[in-house]
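Student: Each chain, written out:
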Amino acid sequence: MTDASRMLPRSVVGWIGLGLGALVLAGLPFVASAYYVGLITKAMIAAMFALSLHLLVGGTGLVSLGHGAFYGLAAYVVYLVSPEGAPRPIWMTLPAAITMASLAALLIGALSLRTTGFFFLMVTLAFGQMIFFVFHDTKLGGGTDGAYLGKPLLSAFGLVLDPLSLPRSKRGWPVYYAVLFQLIAVYLFLAYLLSTLFGRTLEGIRINEHRMRALGFNTYAYKVAAFTIAGLLAGIAGHAWSLHTGFVNPELVGWHKSAEALLMILLGGINSLIGAVVGALAYTALGEFAQAAGAYLSAFGSSLGDSVAGRRIVAVGHVLSERKLLIEGIVILLTVLVLRNGITGIGNRGWQEGLAVKNVADDECDDARHRSAAEDGRKRISRIGARGNG
Amino acid sequence: MLPTLFSQLLNGIQYGLLLFLIASGLTLIFGVLGVINLAHGSLFMLGAYTAFLVVRAAGSLWLALPVAIVFGAILGVLLERLLFRHFYRREHLDQVLLTFALILIFEEVRSLVVGNDFHAVPVPAALDFSVPVTSGFSYAAYRFVVIGVCLALALLLIWWVERTRLGATIRAVAENREMVDVLGIDASRVHLTVFAVGTALAMTAGALAAPLTSVYPNMGDGLLIISFVVVVIGGLGSVSGAFWSALLIGLIDTLGKAYGPSLDVGGTGGLLAAAASMSVYILMVVVLLLRPSGLFGGRA
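Chains as they are written, first to last, in my numbering: chain A, 1 to 390; chain B, 1001 to 1300.
Calculated directly from the structure, the hints in this document are not laboratory data.
Heads up, a few of these hints could be off.
Sample of chain A residues facing chain B (criterion: CB under 8 Å; computed from the structure) [as the list claims (entries may be wrong)]:
id : residue
1  : LEU103
2  : LEU106
3  : LEU111
4  : ARG114
5  : MET130
6  : VAL134
7  : LEU263
8  : GLY329
Here are the computed distance ranges between Cβ atoms for each label pair [unchecked claim]:
id : chain 1 : residue 1 : chain 2 : residue 2 : range
9  : B       : GLU1091   : A       : VAL12     : 31 to 41 Å
10 : A       : PHE217    : B       : ARG1089   : 20 to 30 Å
11 : B       : PRO1003   : A       : ALA292    : 56 to 66 Å
12 : B       : VAL1109   : A       : GLY310    : 44 to 54 Å
13 : B       : TYR1216   : A       : TYR148    : 25 to 35 Å
14 : A       : ASN218    : B       : TYR1088   : 26 to 36 Å
15 : A       : ASP162    : B       : ARG1085   : 57 to 67 Å
16 : A       : ALA285    : B       : PHE1144   : 53 to 63 Å
17 : A       : ARG311    : B       : TRP1062   : 33 to 43 Å
18 : B       : TYR1088   : A       : ALA285    : 47 to 57 Å
Ideal Cβ positions, reconstructed from N, Cα and C, are used throughout, including at glycine.
Given these sequences and hints, build the entire structure.
Tutor: In structure tokens form, the structure reads like this:
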């Protein structure tokens, strides 16, 4: 075992790579169009959300289908605090959003972590659904249609940065950099957390919870803490969503949101923390690529004139560019079937060590159990034999 | 007042029985195969659209039912052999994502074939009348037929799982797969049968429900989660538990939705109404925390 968590880069080179990635993201607005700035902002928000879920899935081994609830809840808190036409500064909306999200996560986590496995999935799903219905069925947050909100003002120390004062092509920049800053902060925070004793304990729970309990750890308390922190971080992502789009609707709370984040984690690679970010960016890029490729194919097909092949190419292009969910479905299918260790797992043997440790731990347990069962049987047989002889 | 209550009670029973057809497949598939199938609600949707297409082409719902059953069984066999059998021993995360992908793919295929419009499916002409139950209250004949068909299927299924030799084998596989293998029984065949039956049941439920609800995109999404509630409250893997819990959930949900909005008094802003639509989820959480093996059956 090394000192650093398996989830983090294991060498200086890895950290330098991460730094370069952050620099690329920081320089992007200078070369990309406003459309791509908005797109990457969305991808970074998704990355933040996926990172928050990664603490549960990759860090602790808990698969939750209710994580979208905290993301959506935070966005709705922004709507309640800062309604359309009456925006509030970010130093008011952000604490309000994350407080609410982490309180909800503490309560829901404390209840649902009393169950495990399949039941945990179901309870988190049910709680997520409950919060969904609160916003879907009441007028609290605009009902089914959702509502516009006043985007939180980017202000500090009395200075307000109003995007509208910037030239049209740069209006997306303030939110872009605010989100990038938050993404880096969330990543570094999680990286630090995973390398502490707390993080290592979570890792221990993921690998073998019984053993951790036997070692005297109160695993329930650790899991509730992880669940709460994950909810808090999801709250930051949900707040960023409201900052970027200025719109909330019940879909933000639904379980599809959680499933999508699970996909990003698996796509990027569940065995490293940066996998969640890579997965979110790759997933966004893939959607864009499919759309562009589809548009290209359609144009190419119609240039072939009214032939059968031309029409077919147009049809395929149409599916690629219009059927976003179909593409998403196929990507997920291929990820679970083929790319089981995600993009960051390609060509990296480190993850195999990780899995090996888990399997050895399980096997040791099984071996011990089998040995004691066999021992038991042998004793019983010899006892019967002794009785027969006597 | 009383006639509406009567018809809401009957609606609740009918809804509960349809839920049972979905939840029984879900509980068997999880209990025997150990797979969380989030795509089970989409199978319901596929069944409803199958009924819609058959009725549009041939004009008969009676033909649609067997078509949905056969199509469901075939689809079940294909899904089990091509995808699910590789996921029995995989982690929940992989199963969740696999079946989430299937939801997206099924919905998109549906959208490519039929489009995204709502479509009404007519009730068969022979059943398009109301049965007078008491002097002041009558109830749609087709709904009675749905209740009858569901009850017949439910009894058949419970008899199959709890009284026949194959049913005993299925329960044995759920208990201990290796032991069944060692005894010379082909567990993989049992898996295939269970999965195909579960798929066919969900699609039958969809076909039966099509004239009641009309068909529309994502129609299985809400039902999926309610069915999971049924499975948990009924006790994981227990078919007769799922039966009673489906009836209970059907009644609670129907009555809650019918009378919940009238609870909206003054300043609560519909919070009580929302609580009424959440009632089944609240029940599930309470059951899970107090009695994780379920209210009925208890064969976890």
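Student: State for each hint whether it applies.
Tutor: Hint-by-hint comparison with the structure:
no., hint, in the structure
1, LEU103, "18 Å, violated"
2, LEU106, "16 Å, violated"
3, LEU111, "6 Å, holds"
4, ARG114, "6 Å, holds"
5, MET130, "5 Å, holds"
6, VAL134, "5 Å, holds"
7, LEU263, "6 Å, holds"
8, GLY329, "3 Å, holds"
9, B:GLU1091 x A:VAL12: 31 to 41 Å, "33 Å, holds"
10, A:PHE217 x B:ARG1089: 20 to 30 Å, "28 Å, holds"
11, B:PRO1003 x A:ALA292: 56 to 66 Å, "60 Å, holds"
12, B:VAL1109 x A:GLY310: 44 to 54 Å, "24 Å, violated"
13, B:TYR1216 x A:TYR148: 25 to 35 Å, "27 Å, holds"
14, A:ASN218 x B:TYR1088: 26 to 36 Å, "33 Å, holds"
15, A:ASP162 x B:ARG1085: 57 to 67 Å, "58 Å, holds"
16, A:ALA285 x B:PHE1144: 53 to 63 Å, "55 Å, holds"
17, A:ARG311 x B:TRP1062: 33 to 43 Å, "38 Å, holds"
18, B:TYR1088 x A:ALA285: 47 to 57 Å, "33 Å, violated"
Figure legend: structure checked against the earlier numbered hints; hints not met, in rising order: 1, 2, 12, 18.
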